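Construct all of the structure, not just a fragment, from the sequences and the given hints.
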Amino acid sequence: MAFEIKVPSFGESINESTIAEWLKKDGDTVAKGDVLVTLDTEKASSDLTAETSGTLRILSQAGTDVAIGAVIGEIDESAAPAAGGESKAATADKPAPEAPPAKPKAAPAPEPKPAAPKAAPAPEPKPAPAPAPAPAVAPAPAFAPTSHSSPASPASHFSHSPSDERTTRKPMSRLRKTLAKHLMAARHETAMLTTFNEVDMSAVMELRRRFQDNFVKIHGVKLGFMSFFIKAAVDALQAMPELNASIEDDDIVYHHYYDVGVAVSSNRGLVVPVLRDCDKKTFGEIESELMALAKQAREGKISLDQMKGGTFTVTNGGVFGSMLSTPLLNPPQVGILGMHNITERAVVVDGQIVIRPMMYLAMSYDHRLIDGKEAVQFLVHIKDRIASPERLLLGL
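With the working numbering, the residue at position 8 of the sequence shown is 8, and numbering never jumps.
Fair warning: there could be bad hints in the mix.
Claimed, not checked - Capping the alpha-carbon separation at 20 Å, the derived lysine to aspartate or glutamate pairs in EDC-like fashion look like this:
{"hint": "1", "residue 1": "373", "residue 2": "242"}
{"hint": "2", "residue 1": "170", "residue 2": "305"}
{"hint": "3", "residue 1": "32", "residue 2": "65"}
{"hint": "4", "residue 1": "295", "residue 2": "305"}
It should be emphasised that the hints constitute simulated quantities derived from the structure, not laboratory data. A quick note: this is a predicted structure, and the numbers were derived from the prediction, not measured.
Printed below as a string of structure tokens:
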């Protein structure tokens, strides 16, 4: 009996997906729970596991676009065990008949004497090496005549054969195509501007140094920088609700909840899972969720529900060494905060030149809804909370 492998539903807005990769081969014996295939949708990738054991039969190859509910493969529940038995029987039968023919071959084996005469022709190939004047492989010159100018001939030879190996054409995954469309929409459908500032990270770094060990003991995760910026962003959003809004037709929709998207890089592209109700979460809860999301992203297990919604986004290019960038909006959101790497720089403090760990901040916003003054004030609000993190704890 064959069990059908069907494309599952990924949500109301998704009608089809692309087979990214079969992790098992056609004809493989699979066990219940084995990961069979990876499917790409417009928003994420998903792995399908075997719901029964048997022999896999692939009906749709990698790279094929398939509709929701389509049958892309089968698992023959009866063939798997039978195949195993037959293969063993076959191997048992074949060796038996092969044994007798092996003996007749033993008779010719004693005929080394004819082999000796044949040894005489063996030297004859040596004359063939004698034409070792093959260096006179004057065919090489034959290449020269092909191009009327001798210097041009090697050039033309190199330009043709390597050219086929110097480029590789690979189709974009559905996730990458969707991401490309989304990013182009952010450029063409919003009036995006970016404002910049810098912040002294000394206070946050000192706070982490003092309480890191206790934080790990209590929460089981390290205290990172992202939780500070998420809490600072929420504090700024509460003070300036326009940044926690979106545009729908001719209306401004204000959101009275604080779901912050965090841009995470995965081997299949950029994903933006959402941390819900960040205004109600502690630093420990935020850090724990961030660690879990990062692990899921690396394994390609971020679900569509985890990426739905979001009223504001924070991205950290600093983890890759970025010093400064202009983050792209994540529509329909109207704001995104960009963090960058921390570098020691000379700054003036109370009239003295001192070395401080500094970070550049970037805040991109939709100018259709946010004025420059509001954007600058929003970023300064975040800067002040990072420079003096105790204000976040005291609600100041």
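Do the hints match the structure? See the list:
Between the alpha carbons of residue 373 and residue 242 the distance comes to roughly 12 Å, so the proposed pair stays at or under 20 Å and holds. Simply put, residue 170 and residue 305 have alpha-carbon atoms about 29 Å apart, too far for the 20 Å limit, and the pair is violated. Annotation: proposed proximity of residue 32 to residue 65 is violated, straight-line Cα distance about 25 Å (limit 20 Å). Between residue 295 and residue 305 the CA atoms are separated by roughly 17 Å; this keeps the pair inside 20 Å, and the hint holds.
Of the hints listed earlier, those the structure fails to meet are numbers 2, 3, in rising order.
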